[in-house]
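Start from the sequences, fold in the hints, and give me the full structure.
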Amino acid sequence: MNMLAILLKREFWEHRKTFFYLPLIILALLTFFLIAVVGSVQIAGSDIIVSGSVQINEEGLHHRSETNEYSNMPVNALFGEQISQFALLAEDQRERMLNSAYLLIATPLVPVLWVVVFMYFLTCLYDERKDRSILFWKSMPVSDAMTVIAKLLTGLVVVPAIYFMAMMLLQLILFLTTVVVALGYSVDTWQTFVAPAHIMTRWLQMTAFFLFLASWCLPFFAWIIFVSSWARSVPLAWVIGIPIVLVMLEALFTQGEWVRAFIKEHSFPGGLITRLSGGVSDMFQQLLSIEFLVSLVLAALLLYGAVYFRGKADEL
Amino acid sequence: MSIVVQAQGVSKHYGGFAALKDINFTIQKGSIVGLIGPNGAGKTTTLKALLGLTDFEGQLNVLGHDPRTGRHHVMENVCFVADVGILPRWLSVGEALDYVEGVHPRFNRQKAEALLAETNIRNYRQKVKQLSKGMVTQLHLALVMAIDVELLVLDEPTLGLDILYRKAFYDRLLNDYFDHETSIIISTHQVEEIESLLSHLLFIDQGRIVLDSAMDELANVFTEVWVEADQVAAAEALKPIHVRDLLGRKSMIFEGVNPASLASLGELHVPSVADLFVAKLQRNQDPQRGQS
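Here the protein sequences come in this chain order: A and B. Quick note: the first sequence uses the working numbering, first residue 1, plus one each step. Quick note: the second sequence uses the working numbering, first residue 1001, plus one each step.
No incorrect hints appear here.
Below, computed lysine-lysine pairings styled on DSSO-like, alpha-carbon distance capped at 27 Å: (1) Lys9(A) to Lys1111(B); (2) Lys17(A) to Lys130(A); (3) Lys1029(B) to Lys1111(B); (4) Lys1129(B) to Lys130(A); (5) Lys1133(B) to Lys9(A).
Everything labelled a hint here was simulated from the structure, so no lab data went into it.
Spelled out as structure tokens, the structure:
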């Protein structure tokens, strides 16, 4: 296990910029943005309305249902004069508005995380061949299987965990901001801001959701690692090109859409996410499906392939 | 003595090009083997094959493992330094130490730090890309020489280093590192530098082994004669493998000719490895030449 720890560290060292400094900078910028908003509301009394179109990522988890007027959020209601009106709203309305705010502050990190993990997997077994450092790595007593496992865990666990902490920190900062601001007004802070924020539940749900996505999209990530292990140039072209060819072949020679649907569902599972309205229990249901089993077998084969090609790999 | 490496019929093709053609050799425990050949002869390919860093055809046994399938077992007892820097550019000196310490059970960190203290590398936060080429090599050598292994593989280890450091490196290799339990393979095309170090010679040219001999047997097989001008015809009748002019005399190298029959031709010497290298390689490139 010491071996695995040092291998994970090594990945972190190589990608310190995108694994650590990038989320840190975004965290700082968003915090600054939040403080600027609060400041403008408090000092200038301005009332910015933040549009509620924030539910891109976790919309399925939080009752999308009735389009609500409160998803358009006057920030004044959270940080300004209108807090007292906000406090008078029904609890579910407050919950919805707060939910939008908590998603809004954390969401910018999600696409960044996706791109960072994608680029990491794309280069993880390619760059070492290109810069010849593979001769150094392979001259150490670390098996190819161990190497691939470490890289998989890095992209699927370590990096999301770091981004997660940044997201939680942002939500915590928002949480504390609402509480501190509310103390200046004569409202019941607990009832108005603390309880409806459901901060712990939110984090647990977020974690469950990401774990689910990581396993659901495993064949997608395994595919990128696989390509990275053998591509002699431009791995991105292969990563995108081969699935396109497969889909075209399917369209040409069969009536089915299975391959197309499978690729789409396991790389950009937008459709699936909207189906997950029931939260954790729905996710469980999906993980018990035959389709998920098939995707796991596929992912295992692709990872085995990556280990095989790492064994054969030479400098480029 | 036990055998550390055994190669039988090892070949390697890059597309249509045969880089290694049916290579056979064995390396005994405790020997220092010079793998010597011109650029492009197949030195690096041979070393990479026995380290499991490249695929090949034929049989190779390194410390009881097939390097193709058991690379990570082989690497527990083998270390490798390549001709050009293979340390990743983003790695810092401190990280390199941490990494090797973490993955290699036979790494001695104190020893590595002591070795580094004798180089120009001071700042452990420096990254490989900030180091000069010579410093990168020094870092890699310090890492490797702090690992207690059974076989050390050095592929042109001192390429790009200045002469002072090269001398110091080979001195240290012989005095501090080598303990007769270890075996060392050094590939180079600069023969003179390591001649005194070696216990065994392997000449390789165009993917073939053209000479495989222990150093102390060279004198039994090869004789260099400084032939006086009036003896040249008689000497050439004995088919020297190499002839060169030597201030009015000719220096000829004979293979497998009894020294007693050569003594009348001129002064006898043990040929230098460099001269032997030239002789064997010219023969390999033009088989007629040695016989003419």
